[in-house]
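> The listed protein sequences derive, respectively, from chains A and B. Counting in the numbering used here, the first sequence runs from 1 upward without gaps. Counting in the numbering used here, the second sequence runs from 1 upward without gaps.
Certain hints may be false.
Said to hold, decoys possible - For the chain B half of the interface with chain A, some residues (derived, Cβ under 7 Å), not all of them:
no.	residue
1	A40
2	A61
3	I66
4	T149
5	G155
6	K165
Stated by the list, open to error - Derived lysine-lysine pairs resembling DSSO-like cross-links, with alpha carbons at most 30 Å apart:
no.	chain 1	residue 1	chain 2	residue 2
7	B	K113	A	K266
8	B	K170	B	K148
9	B	K166	A	K300
In short, the hints are calculated from the structure, not lab data. Note that CB positions come from ideal geometry on N, CA and C, so glycine has one too.
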Amino acid sequence: MTPLGFPKQERVAGGSIGPSALFALLLAWLVAPVAGAEGDLTAAQRGQRVFESAGGCSCHTNYPEEGADAPWLAGGRALSTPFGVYYSSNITPDPTTGLGGFTQDDFLRAMQEGLSPEGHNYFPIFPYTAFTKMSDSDLRDLFAFLKTVPPIERSNQAPEAPAPFSWRWTITAWKWLNFKPGRQVPDPTQSAAWNRGAYLVNGPGHCGECHTPRTLTGGLDRGLWLAGSAEGPEGELAPNITPDDATGIGDWSTADLVWYLETGFKPDGDDTQGLMAELIEHGFSDMSRPDREGIADYLKSVPPIQNEVHRDSGQ
Amino acid sequence: MSLRIVSTDKNRPMNRRPWITGLLLIGAWGFLGAPTAQAADDEAWIQYRQSVMSAIGADMAGIGDILKNGLPLTKNIEFHATAIATNARLVASAFSQRAENGQTDALPDIWQKTDAFAEATDEMREAAEQLAAAVAEGNDAQIGPRVKTLGKSCGSCHKTFRKPKKDSYKNK
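Excised from the complex, chain A in its bound form:
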């Protein structure tokens, strides 16, 4: 599905379409399944869809410092957190500095367990707390896609964090407190669209990693799930996205959310900045419409939490 819910030009053979036809088309998309049979796609093509649902793994490209020409997915992006500055890693298939040496199993273990091929812990800035919810098949496809990315040689950088946040072994304790490995379990009482949305939000979309405030130990404060955080990655303020009327997005309709994830425009016509804008531009806007609708369905169903996020609120 193309951005903005409009067909790719080649698909509207016969040229221009009238306003009523346009409305009919928009309606058709609402009910139509994703264009093209999934079965026809290669693993790498399916993996590209997974990649998009993860916001195009934007943290791994240094857009802020190197602009649009930044080496794609080669890492080196500084992510400042209250616990120090961490640098994203090179996830191109470069054999020495990237994922070239990873087996498929290595990749799954990294994503689902937060462990490197050598068996040491990854810093939790890498959101494996969310990726652990992802299915094996999606991760295998994602790995196949990442293999198709141009390899770039660029060494990973150590974090600039004070002890103990720079020690990998302390992560064992951190994991014990804050990490529960395991796949997303479908809820049979909910619709397929809702379950798809729940999977996308909690797994690949890793929305909670930014939109949920953290506890003193840097774990996600699950009592304030998606209720906004003043200290997101890069020090950004991630708003409350629970359906609370006063402090969240209770007044957003499903269509508002679908449109937002496609264009970055909020119901009041203002746009989006920072990391969220990147995730939309490089990933969420390319998701299929049913996937964005699933996310909207799910988000509108999570418990509303009243939590006003301010710069100085510490949450």
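Model the placement of chain B on the given structure of chain A, informed by the hints.
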């Protein structure tokens, strides 16, 4: 009438005292009153340029409402886009005063990189005109891509010239 008489009566000796008092008063106003007047002035400029931006935002919201809900009002998009292009013509004057004291998200670069700011304004105006043209010509297949281009023009100016969300006056 009396005005004409006074102004033509050049031979009348002039009493200088009121002039001097006047000048002194103006001097005192400049010395004591100007700083507060300056701040009030800043607030007025900030409020105005934010009104221009909010108007642009409201038209962008209107375009979004039509497209995201499939309202049969495609033709209205032409008017919203034209309104954005019109407001784009107000941006240069709305930001002509370097007003920084107050509730604002404007970054100082607006008054330093003036060429880049003007370019970003033109980018928005052109994108809005292109969108209006697509609707006027019935070229519906181009509406989506052109809305996207217009949307990008907002982001590219905001990225450079508007404070990021975390520093916004709205989140203080």
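> Which of the listed hints are not met by the structure?
Of the numbered hints, 1, 3, 4 do not hold.
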